[in-house]
Amino acid sequence: MTGRHEKGVMSMETAASASHTTTGEAGRKLELYFGPQHLGMVGNFSITLEVEGDRIRKATANPGYLHRGFEKLMEYRTWIQNFPLVCRVNVVEPDSMEMIYAMGVEKLAGIEVPERAHFVRSIYLELARVGSHLFGLWAYANMLGFDTVAQWAMYHRDLVLDLFEELTGGRVYHIYIWPGGVRRDFPKGFKDKIVSTLHSIGGCVPDYDTAFFNNRLFYDRSAGIGTVGCEEAKRMGATGQTLRATGVDFDIRKVDPYAAYDRVDWDVPTREDGDAYSRIWVVRDEMIESVHMIFKLLEAMPDGEVYHRIPNPFKWDIPKGEAYVRCESSRGELGLYLVSDGGDKPHRVHFRTPSYTNGLVILEKMLEGASIADVGNIMISLYVVAPEIDR
Amino acid sequence: MDRNQISKWLKAPAKMAHKYSLHAVYFCTGCGIIEIPPVITARWDAERFGVIPVATPRQGNLFMITGYVSVKTLKAIIRTYEQMPDPKYTVGFGSCPINGGMYWDSYNTAKHVDKYIPIDGWIAGCMPRPEAVFIGVTHLWTLIDKGMANGYARYRKNYAQYRRNQEMLFGELGWPPLYPIEDGAPGGDE
Amino acid sequence: MSGALKKGIEATFRDARVETPGDGRVTVFVPAESVPAVVHYLKERGFDHLTMVSCVDRPDDGELEVVYILSSYTNDPRLHVIVKARVPREGGGLGTVIGVFPNAEPYEREIHELFGANFEGHGRLIPLFLEREYAIPPFRKDFDSRKYVEETFDSIPAVQDE
Numbered sequence: 001m002t003g004r005h006e007k008g009v010m011s012m013e014t015a016a017s018a019s020h021t022t023t024g025e026a027g028r029k030l031e032l033y034f035g036p037q038h039l040g041m042v043g044n045f046s047i048t049l050e051v052e053g054d055r056i057r058k059a060t061a062n063p064g065y066l067h068r069g070f071e072k073l074m075e076y077r078t079w080i081q082n083f084p085l086v087c088r089v090n091v092v093e094p095d096s097m098e099m100i101y102a103m104g105v106e107k108l109a110g111i112e113v114p115e116r117a118h119f120v121r122s123i124y125l126e127l128a129r130v131g132s133h134l135f136g137l138w139a140y141a142n143m144l145g146f147d148t149v150a151q152w153a154m155y156h157r158d159l160v161l162d163l164f165e166e167l168t169g170g171r172v173y174h175i176y177i178w179p180g181g182v183r184r185d186f187p188k189g190f191k192d193k194i195v196s197t198l199h200s201i202g203g204c205v206p207d208y209d210t211a212f213f214n215n216r217l218f219y220d221r222s223a224g225i226g227t228v229g230c231e232e233a234k235r236m237g238a239t240g241q242t243l244r245a246t247g248v249d250f251d252i253r254k255v256d257p258y259a260a261y262d263r264v265d266w267d268v269p270t271r272e273d274g275d276a277y278s279r280i281w282v283v284r285d286e287m288i289e290s291v292h293m294i295f296k297l298l299e300a301m302p303d304g305e306v307y308h309r310i311p312n313p314f315k316w317d318i319p320k321g322e323a324y325v326r327c328e329s330s331r332g333e334l335g336l337y338l339v340s341d342g343g344d345k346p347h348r349v350h351f352r353t354p355s356y357t358n359g360l361v362i363l364e365k366m367l368e369g370a371s372i373a374d375v376g377n378i379m380i381s382l383y384v385v386a387p388e389i390d391r
Numbered sequence: 001m002d003r004n005q006i007s008k009w010l011k012a013p014a015k016m017a018h019k020y021s022l023h024a025v026y027f028c029t030g031c032g033i034i035e036i037p038p039v040i041t042a043r044w045d046a047e048r049f050g051v052i053p054v055a056t057p058r059q060g061n062l063f064m065i066t067g068y069v070s071v072k073t074l075k076a077i078i079r080t081y082e083q084m085p086d087p088k089y090t091v092g093f094g095s096c097p098i099n100g101g102m103y104w105d106s107y108n109t110a111k112h113v114d115k116y117i118p119i120d121g122w123i124a125g126c127m128p129r130p131e132a133v134f135i136g137v138t139h140l141w142t143l144i145d146k147g148m149a150n151g152y153a154r155y156r157k158n159y160a161q162y163r164r165n166q167e168m169l170f171g172e173l174g175w176p177p178l179y180p181i182e183d184g185a186p187g188g189d190e
Numbered sequence: 001m002s003g004a005l006k007k008g009i010e011a012t013f014r015d016a017r018v019e020t021p022g023d024g025r026v027t028v029f030v031p032a033e034s035v036p037a038v039v040h041y042l043k044e045r046g047f048d049h050l051t052m053v054s055c056v057d058r059p060d061d062g063e064l065e066v067v068y069i070l071s072s073y074t075n076d077p078r079l080h081v082i083v084k085a086r087v088p089r090e091g092g093g094l095g096t097v098i099g100v101f102p103n104a105e106p107y108e109r110e111i112h113e114l115f116g117a118n119f120e121g122h123g124r125l126i127p128l129f130l131e132r133e134y135a136i137p138p139f140r141k142d143f144d145s146r147k148y149v150e151e152t153f154d155s156i157p158a159v160q161d162e
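Sequence order for the protein chains is A, B and C. Residue 1 is where the first sequence starts when you use the numbering used here, and the numbers rise one by one after that. Residue 1 is where the second sequence starts when you use the numbering used here, and the numbers rise one by one after that. Residue 1 is where the third sequence starts when you use the numbering used here, and the numbers rise one by one after that.
If you're looking for bench data, these hints aren't it; they were derived computationally from the structure. All values reported here derive from a predicted model rather than from experimental measurement. Misleading hints may appear alongside valid ones.
[To be verified] 25 Å max Cα-Cα, derived PhoX-like pairs, lysine-lysine:
1) B:Lys75 <-> C:Lys84
2) A:Lys58 <-> A:Lys345
3) A:Lys191 <-> A:Lys320
4) A:Lys296 <-> A:Lys193
5) C:Lys84 <-> A:Lys345
6) C:Lys84 <-> A:Lys234
7) B:Lys146 <-> B:Lys157
8) A:Lys320 <-> C:Lys43
For reference, chain A alone in the conformation it holds in the complex:
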């Protein structure tokens, strides 16, 4: 029976050496494992905690449970065969992976994308951002015990997945972005469907605010937890909401625009305090900003084709060169370093994923001195998505 319990308290699997001393100072120290099989662990990741009493002395992230050697697998497949593979790097928001790989291939091969395709890509990516943030909200609300809000968030995410299913045929893995544009145009009536779905989600924002975001309990649980200052965040390579919650408005969509992000007017939400409370508020504001941005993009979208033909994809050699492209995924700066040696397969593919720094560098630092009950809280507020770390 699970009942209601603090998801932060974990099963006591003690290390053999630590459990044999039970007296004095050494007797208070334990080595605990948060994950991989843990009710509070979203994604297959593990953190080894050296704990004294209720306080964590040292945290060691233990990735590798999801390592598939993606980048090696991509070297065996041709450029176009990699598209179904690349979206599986991050399962929560596969669309930004497709986008970044398509951007890299287009840059290396010198392919232009039609204007309408830029708008379609931006709408698609913003819908993915909304879906991904709702998933993060499910995880975070569950972590704190707000089960009702978690159910709402997952339900609304499912409405967004219905839109994806109509557009691309798949709920989770879409394979919609293609080098040269997108795979197909919006079906008839799709624009109205997007608008009505987003209105029904947006209409629930007051409920979310009352139940969760303005809730005193959320504030008590997350204010001051996992605080990182502005300079420290920059020093540790933070991007995304970890950095924007400290007051820096660094968003790749603004500073290095791609797709149609510079054709519409929008703001980058930031907060000041840098703690878990601020990060989740940034997530909320980003979701609302994304919804407004989708409406504006739908208004401004020109007509035209959505696809420029590429050469025969099965016999496609891309000239020698390298490219570093970046985009703003829902967790931060997502980058791709792509090297071609003139053949029909990539020579080297390396994803720069935001959860890598968040989960391996920043998480270990922030867990020092934290209480055991806040481990999941801090981890999810940093939005550490495990498959991105391991690839």
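With the hints as your guide, set chains B and C onto chain A.
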């Protein structure tokens, strides 16, 4: 409930209770985990099928291996599976546990998971839809009814082979055998 | 901006070669010993965001190419500086940059594990993802993943139910 069920409940109450209360161990093994939150929350609602997630393997009797299994995860899966009390059922979710799926040529994923632990049923797809999960659950009910969902019994019976396969992959295992491996007589203390 | 940067780097580091392909990239080729100094120099010039540390296997030259991609939070973020250094495939190594950028730590660990390059002064070059020993580091070109799968996984027999 309809009258057909009453006779079934009277004849085999334990079997009916197993079927309608499959408690799934919450272990996000691979990318299939993205379709589990929709399945267990309000829209698709697995609880009307009796499936709810539980915190520890000691409390669960359904193990869904959601997605691909890396070598490091396989160790954790075997340890979790061995902690679950009998009778327990395993379902391979997605095409990766079946034959490696998308990552068939990866050096770090175990291709056929049923060489290492017994699997009772498979749900194909990449990603399977939530409806496919429920069809898988109802098929598992049929198998339990017919007595064919006996993965745990096969594990006990053929434990020497499973243990040998696990040792071929991992080398020295850090935990003792679950059942004693005598010549052909695996006694049990469960 | 990239012109001034190029002059500055070439003046300070005699053995560096700078190229400016013009699409927001400045590529700096340095020998392996100068990498920590060049990275420190660039940080002081405002490139305070170490985006990633990558490695490319160049089997034809017998070398590994370690790549550092730097950008800036505050200056024009569209300008990237890509610092490249070559080390020999066998026994090659270079100094760590975690004194300048703490977030290089997992990247260097990963490159050590998957390619075999050494980083002096790192202190924690333990495996990050992998648990097993591989004869050749897995991301090198001469490691055949498909052959490894056949030998390791396909050779394990299925369980026969007696």
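So, going through the hints one by one against the coordinates:
Pair hint lysine 75 of chain B plus lysine 84 of chain C does not hold up; C-alpha atoms about 39 Å apart against a cutoff of 25 Å. At most 25 Å may separate the alpha-carbon atoms for a hinted pair to count; lysine 58 of chain A and lysine 345 of chain A exceed this at roughly 43 Å. Proximity of lysine 191 of chain A to lysine 320 of chain A is assessed by CA-CA distance (about 40 Å); at most 25 Å being required, the pair is judged violated. A C-alpha spacing of about 15 Å is found between lysine 296 of chain A and lysine 193 of chain A, which places the hinted pair at or below 25 Å, so the restraint holds.
The hinted pair formed by lysine 84 of chain C and lysine 345 of chain A meets the criterion: a straight-line CA distance of about 23 Å does not exceed 25 Å. For the proposed pair lysine 84 of chain C and lysine 234 of chain A, the alpha carbon gap of about 23 Å is at most 25 Å, so the pair holds. Taking the CA atoms of lysine 146 of chain B and lysine 157 of chain B, the gap is about 19 Å. The hint holds against a cut of 25 Å. A hinted pair counts as satisfied when its Cα atoms are at most 25 Å apart, and lysine 320 of chain A with lysine 43 of chain C does not qualify at roughly 30 Å.
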